[in-house]
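*Asks:* The residues making up each chain are set out below.
Protein chains: 4
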Amino acid sequence: MDELAGTADAISEGRRRNWGRWGDGDECGLANLLTSERTADAARLVRSGRVFNLALPLDERSLPVLPGRPTPQHYLRRTGTDYAAGVKRRGGFESMDDVILLATHGATHMDALAHVGDEGLLFNDTPIATVRANGARKLGIDKCPPLVGRGVLLDLCRHMNVPRLDGGQVVTRQMLEDCATAQGTPVTPGTIVLVRTGWLSVFTDEGSESFFAAEPGIGMDAARWLAERDVVAVGLDNYAVEVIPTESGIPAPVHRYLIRDCGMYLMELFNLDELAEAGAHEFMFVAAPLGIVGGLGSPLTPLAIT
Amino acid sequence: MDELAGTADAISEGRRRNWGRWGDGDECGLANLLTSERTADAARLVRSGRVFNLALPLDERSLPVLPGRPTPQHYLRRTGTDYAAGVKRRGGFESMDDVILLATHGATHMDALAHVGDEGLLFNDTPIATVRANGARKLGIDKCPPLVGRGVLLDLCRHMNVPRLDGGQVVTRQMLEDCATAQGTPVTPGTIVLVRTGWLSVFTDEGSESFFAAEPGIGMDAARWLAERDVVAVGLDNYAVEVIPTESGIPAPVHRYLIRDCGMYLMELFNLDELAEAGAHEFMFVAAPLGIVGGLGSPLTPLAIT
Amino acid sequence: MDELAGTADAISEGRRRNWGRWGDGDECGLANLLTSERTADAARLVRSGRVFNLALPLDERSLPVLPGRPTPQHYLRRTGTDYAAGVKRRGGFESMDDVILLATHGATHMDALAHVGDEGLLFNDTPIATVRANGARKLGIDKCPPLVGRGVLLDLCRHMNVPRLDGGQVVTRQMLEDCATAQGTPVTPGTIVLVRTGWLSVFTDEGSESFFAAEPGIGMDAARWLAERDVVAVGLDNYAVEVIPTESGIPAPVHRYLIRDCGMYLMELFNLDELAEAGAHEFMFVAAPLGIVGGLGSPLTPLAIT
Amino acid sequence: MDELAGTADAISEGRRRNWGRWGDGDECGLANLLTSERTADAARLVRSGRVFNLALPLDERSLPVLPGRPTPQHYLRRTGTDYAAGVKRRGGFESMDDVILLATHGATHMDALAHVGDEGLLFNDTPIATVRANGARKLGIDKCPPLVGRGVLLDLCRHMNVPRLDGGQVVTRQMLEDCATAQGTPVTPGTIVLVRTGWLSVFTDEGSESFFAAEPGIGMDAARWLAERDVVAVGLDNYAVEVIPTESGIPAPVHRYLIRDCGMYLMELFNLDELAEAGAHEFMFVAAPLGIVGGLGSPLTPLAIT
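Residue numbers (this note's numbering), protein chains in the order written: chain H, 56 to 361; chain C, 56 to 361; chain R, 56 to 361; chain P, 56 to 361.
No lab work stands behind these hints, which were simulated from the structure alone. We treat Cβ as the ideally placed atom computed from N, Cα and C, and that holds for glycine. It is possible that part of the hints are untrue.
[Said to hold, decoys possible] Covered stretches of chain H, as calculated for chain C (at least 3 residues, CB under 8 Å):
no., stretch
1, 79-88
2, 93-107
3, 132-138
4, 146-155
5, 240-253
6, 299-312
7, 329-343
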């Protein structure tokens with residue numbers, strides 16, 4: 056009880072910020088703001104036609120895997136070497152296919168609104184017991200529409216002139232605000248915000264142990280700033296969006312606030328380097344999760360189109 | 056040998072149509088035509104901002120599963136019912152995630168160029184033995200860029216005024232040509248073509264046995280028409296793009312011709328009904344496969360944006 | 056409530072038959088009767104040294120798979136064809152291995168005591184909520200000791216002179232009693248009982264749809280007979296041990312009675328044909344489940360040694 | 056070529072030791088020696104009726120997992136917490152089951168004869184290309200009969216009065232010979248030999264990195280000693296049976312010699328501590344692999360019965 060009280064305190068007010076805002080039965084949360092007008096506006100941001108793929112390659116070497124989660128697995132049901140070694144098919148047809156086993160949160164991905172609860176409730180007053188062994192009956196990733204809208208990259212590394220932020224460094228409201236202003240890319244309702252911390256380079260440079268030991272990320276006040284601006288989704292180049300260790304020491308306050316209280320979509324393990332190198336700070340953003348019925352997240356190949 | 060000769064005959068000339076066209080080491084095939092100019096043009100097709108999700112829901116009930124392929128599987132590592140029943144986490148944090156196991160060709164998906172070979176070779180003179188148990192070293196789905204370009208829906212059902220084509224009915228060059236003309240949507244180089252046959256309704260109405268027993272689809276001459284027009288990718292609302300049984304009785308000539316000889320991307324199990332109902336025949340098409348390293352295909356949430 | 060009352064009625068008295076019998080914390084149930092004396096006695100049943108393997112081959116063709124359960128899957132991480140096609144390892148070492156994905160109840164298997172509950176409780180007054188997404192904290196298959204003891208085959212087909220019993224045919228107390236007497240193999244405490252109904256031949260002859268449509272099996276009174284005799288485990292050549300449809304129409308009364316109330320081990324999909332052909336009615340029985348921590352069952356290669 | 060020559064040299068003569076010994080089509084190798092006479096003799100070794108389970112618990116915490124292999128995975132299709140939280144079934148029936156995904160060599164296990172080849176051949180002159188993506192057509196684990204026979208534990212720790220042998224320490228012919236003599240347990244044809252090195256404690260004490268860095272194990276000369284005595288199977292409390300690093304520096308000579316040349320069964324990750332504590336050096340050994348069709352190994356619950 057004390058702990059829960061402490062948590063509520065860490066998150067403070069607004070615990071049910073967007074509940075009921077789009078009706079009692081709503082399962083889309085802030086994705087409701089992706090109106091066709093906004094989508095059409097976003098398409099008009101495309102000038103050069105360059106497409107940036109923000110996903111990490113999907114194999115066990117390219118992805119940091121949180122201990123306890125299964126590594127991505129890829130198995131072939133028939134190989135080319137089988138044919139080369141003499142396996143025959145009718146008419147000489149040589150066909151090969153495969154299966155994948157993935158933790159939905161183990162690659163570049165989007166969290167479903169059903170991913171995180173608090174005090175027994177998910178977003179929009181939904182009982183946590185709706186998430187059963189056979190999937191989330193409410194707020195699953197299949198309820199999330201394709202995210203197509205205006206994207207803004209807040210390149211904190213460039214703004215702060217550092218190769219990367221430090222593990223445990225809090226991304227503050229002020230940092231986001233200043234960076235958006237300096238870039239000339241205001242964060243308006245319905246925007247998808249990507250924040251570059253440079254943290255992914257820790258995985259590349261030092262391996263997954265260092266990568267998961269801590270991370271720079273969104274603090275509680277920055278989370279409120281995102282919520283106040285009606286941001287639809289926020290994606291980072293770290294593994295948890297929020298700063299680790301958290302400011303209060305209480306686990307995952309930003310997850311609890313943004314997903315459960317606000318209905319915002321969190322996206323992780325984004326590769327933002329090419330986008331940053333190209334200086335692309337505003338773009339058409341497209342991310343279409345797999346429609347895993349009752350899924351708690353989805354691997355993703357998010358795109359920024361400039 | 057006779058059979059192979061027969062196959063070659065069925066496919067006739069042009070067996071190496073696009074080999075070497077983009078260099079000896081090319082692994083992208085016709086996706087090379089998705090230049091930024093074409094992508095920028097495609098974005099200009101967006102007017103209303105409406106987004107159509109062309110994927111089927113991803114669960115074992117919503118998807119026809121070819122016998123022998125594993126059904127999509129979805130397992131939770133922690134449920135909401137666990138928490139409701141008293142499982143505790145530090146600080147009251149309630150977090151749930153999950154894993155999926157999928158046949159890459161068992162949902163709405165795109166074939167990798169490594170999916171199909173013939174006479175020991177894949178596209179661009181690539182030995183089939185490059186496809187090993189640990190994946191395709193060449194032409195894997197990770198080599199396919201996100202497909203962002205002009206999409207055209209050839210709605211054969213509407214054009215021919217039938218609810219659906221028949222199992223085994225050949226989609227001909229003439230049908231595609233006439234439909235494109237009637238719709239006023241010419242098929243130009245770099246286009247992604249979607250063809251609506253109505254066949255998916257057989258699964259919904261009669262189950263998977265009828266669905267897989269036969270299907271209407273692209274015949275060899277229609278395949279040549281697509282190749283001559285430098286179509287990048289072709290997606291259908293059936294399970295194999297091509298007509299089953301095939302015209303010649305030889306297995307999969309269209310797969311062998313379009314994938315292996317031409318480097319075209321085949322996409323299957325598309326839901327084209329909403330798009331057709333809306334009368335949307337030209338649109339910005341976006342399909343971003345998961346970057347499964349060495350993968351022979353990828354599940355997909357393809358989008359048409361109008 | 057009415058339904059639950061009905062169930063209780065169908066199962067009638069003795070709902071907590073063996074609860075507390077081996078202590079409040081007991082998680083082994085009737086396997087407690089497998090004392091070393093009984094094991095030593097069982098070993099003395101070995102005369103000829105012939106070993107009968109009672110398992111079905113483990114692949115998707117050899118096993119009837121209940122709709123909804125995943126088929127057994129087997130994937131290689133490296134193939135011999137890879138080496139034949141030129142893959143090299145240091146020192147020329149050619150090594151191959153593989154993974155399997157199995158429903159623990161989808162092959163010849165043993166149920167854990169945690170497999171089945173009723174009215175919120177598992178065997179020995181254990182709350183059903185102890186079975187969480189990450190496994191059964193109590194009564195998992197890892198708590199079941201290897202079953203090594205005296206086995207008796209009650210060959211009902213031979214006894215009743217039929218190739219197989221009919222779907223829906225109830226195996227009665229009298230049938231078991233008479234068969235045991237006729238065979239001269241009394242069922243004494245600590246025995247493992249195998250009952251041959253011949254039903255497996257329906258799968259071989261007619262496929263899995265017929266196989267799962269119904270089955271002959273243990274009725275409630277026969278279940279009580281087994282419990283009264285302190286049988287440790289009961290294995291059949293059908294998919295559910297008990298008769299389907301059940302006598303009362305209420306689902307799975309025998310499962311609920313034998314597993315939950317009595318702590319008996321149910322074993323299914325046994326191949327008893329060779330054993331029957333050899334006329335082996337009494338033997339040393341050995342079945343050692345995999346120690347899947349928190350598992351609800353285990354695939355099994357049960358042996359009868361004569 | 057030089058490397059292969061070197062390998063052949065390291066293994067020296069006898070490269071086809073048991074090829075053809077039980078016929079050209081034989082796929083059982085030394086398990087052919089498990090005659091019913093020997094099985095009956097083994098059963099007579101049972102005195103006290105005590106059963107030792109030699110398997111490690113099957114979960115990701117209890118098992119050292121070789122980097123690159125998937126960890127054992129266990130997923131529930133329905134939980135007890137689901138029922139506790141209100142999921143209902145017809146008639147109040149509460150049933151739960153689960154699936155497992157295992158590397159066949161990632162737990163206490165037995166290698167199939169198809170597991171290891173050399174110079175393109177498996178045991179008994181079998182081309183390595185018979186091992187295809189869909190499994191081994193020859194020498195799969197499904198061809199291995201249940202191993203039921205006389206078991207001998209050579210407890211080197213006790214014999215040498217050390218808690219455990221060192222990483223890289225070669226178990227020699229002399230050590231095996233002396234230990235067998237001292238114990239009064241001669242190794243005769245048809246015996247299953249278990250060798251205790253104590254190495255498993257490194258995993259428990261120091262974790263998997265140290266465990267896999269090296270290990271004490273069978274050297275080439277000890278391997279020949281085992282082969283000369285017509286041992287059927289050899290099991291150790293390490294991860295590879297043979298000493299790591301190998302004596303010659305060439306990878307896996309003992310695997311190649313014993314599996315491929317001799318048709319002997321290698322078994323790994325055995326827990327021999329309880330057996331050793333009980334001073335049980337001779338016993339009835341029972342290990343029944345899962346009949347994975349075309350499998351390259353099988354998880355195992357091996358038993359020693361005294």
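*Asks:* Does each hint fit the structure? Answer for all of them.
*Replies:* Here's how the hints hold up against the structure:
Only residues whose beta carbon comes within less than 8 Å of a beta carbon in chain C count, and the stretch 79-88 of chain H has 0; fewer than three means the coverage is violated. With 13 residues bearing a CB less than 8 Å from a CB of chain C, the stretch 93-107 of chain H meets the requirement of three and the coverage assertion stands. Closer than 8 Å: that is the beta-carbon criterion, and the stretch 132-138 of chain H has 5 residues meeting it against chain C, so the requirement of 3 holds. Remark: the stretch 146-155 of chain H is confirmed as covered by chain C, as 10 of its residues place a Cβ nearer than 8 Å to a Cβ of that chain, reaching the required three.
Three residues within the 8 Å Cβ limit are the bar, and the stretch 240-253 of chain H against chain C gives 0, so the coverage statement is violated. Counting residues of the stretch 299-312 of chain H whose CB lies closer than 8 Å to any CB of chain C gives 5, so the stated coverage by that chain holds, three being the minimum. Beta-carbon proximity to chain C at under 8 Å applies to 3 residues in the stretch 329-343 of chain H; the threshold of 3 is reached and the given coverage holds.
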